[in-house]
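Peer 1: Guided by the hints, dock chain B onto chain A, whose structure is given.
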Amino acid sequence: MSAALSIGRLLKLAIASGVGGFFGAASRGAATFAATSLGLPTWSGRAAVNVVGALLAGWFVGRWVLPEATDPLKAGAQGVRWREHLVITGFLGGLTTVSGVASDVVLALEGSVESGPRWVEMAATLVVSGAVGIAAAWAGWRAARGKTPTTSA
Amino acid sequence: MPPLAINMLIVSFAGSLGCVLRAVVRDFLVRARIEAWKAILAINLAGGAACGVVLALRPESGSRASLVALSVLAGWTTYSAFSVDVVLLWHAGRRAAATICWAATLLGAPLLALGAHAAVVALKGGEAP
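Going down the list, the sequences are from chains A and B.
Everything in the first sequence is counted per this note's numbering, starting at 1 for the first residue and increasing by one.
Everything in the second sequence is counted per this note's numbering, starting at 1001 for the first residue and increasing by one.
Next comes chain A alone, as it looks inside the complex:
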């Protein structure tokens, strides 16, 4: 019985995060393509979706998870909820990426034969990821909390 429940739970988790992740990854791909089409560097498209994803994640966590979780840092351990895993784990998780930041740093350091390492690009990648994205998550979370009458955090 518990094994069946566990398999059903995992299936639910996989379907929700997989469907959300498909559209999140597609949106990231489209943003990266749009950036390069506009003549912007590839890293800028990835950085932009990371910042937008962090803002939205902060808002959704503040709106959906905080009002009900006794400890938001342990949220998700109790059960699978479709909307959270579809939107937060799947879509926003698929939209944003840390490996993309890592690869942007490696590629910037690799540089090109003509110009050598692109230090400014590497610094910009790290500053956007380290400061702007975190500020965006905080802003989204604050905005959601302002509209939530009861919070347990």
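Please keep in mind that the hints were generated in silico from the structure rather than gathered at the bench.
Keep in mind that the hints are not guaranteed to be accurate.
In silico negatives: residues of chain B with every beta carbon more than 12 Å from chain A [as the list claims (entries may be wrong)]:
1) 1001
2) 1047
3) 1060
4) 1064
5) 1065
6) 1122
7) 1123
8) 1124
9) 1125
Sample of chain B residues at the chain A side, in silico, Cβ under 8 Å [what the hints assert, rightly or not]:
10) 1011
11) 1052
12) 1079
13) 1109
14) 1114
The C-beta atom is built at its ideal place from N, Cα and C for all residues, glycine as well.
Peer 2: Quick look at chain B alone, frame taken from chain A:
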């Protein structure tokens, strides 16, 4: 089908696979009583290291194979969960944990990628960046 459409489908399906793997592994780690932010940190660091390997193998594996691998890793890792974890840890008064999470992810993932990249390039007899 145009190459752009094929690449978009690869990014979407491979990213979706990465998301499913992340969700299942995170769920497993959280059920094993590992704090969620530590689970996400481990996932992101593993993704950073794997990314360095894929980038180093890119000339041999071809652009399509590396696109698949990098897309899986992009879905596997998550910046949104990391950023929210930092905010929630900070707000909960766990400033040291928030700082560790922030620094370990932002410095650790690129450094692991660089280290893995350099190691693979060295094994191939080339020159690291």
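Peer 1: Now tell me if each hint is right for this structure.
Peer 2: Results of checking the hints against the structure:
{"no.": "1", "hint": "1001", "verdict": "holds, 15 Å"}
{"no.": "2", "hint": "1047", "verdict": "violated, 4 Å"}
{"no.": "3", "hint": "1060", "verdict": "holds, 16 Å"}
{"no.": "4", "hint": "1064", "verdict": "holds, 14 Å"}
{"no.": "5", "hint": "1065", "verdict": "holds, 15 Å"}
{"no.": "6", "hint": "1122", "verdict": "holds, 15 Å"}
{"no.": "7", "hint": "1123", "verdict": "holds, 16 Å"}
{"no.": "8", "hint": "1124", "verdict": "holds, 15 Å"}
{"no.": "9", "hint": "1125", "verdict": "holds, 17 Å"}
{"no.": "10", "hint": "1011", "verdict": "holds, 4 Å"}
{"no.": "11", "hint": "1052", "verdict": "holds, 6 Å"}
{"no.": "12", "hint": "1079", "verdict": "holds, 4 Å"}
{"no.": "13", "hint": "1109", "verdict": "holds, 4 Å"}
{"no.": "14", "hint": "1114", "verdict": "holds, 6 Å"}
Comparing the model with each numbered hint stated earlier shows that hint 2 is the single one that does not hold.
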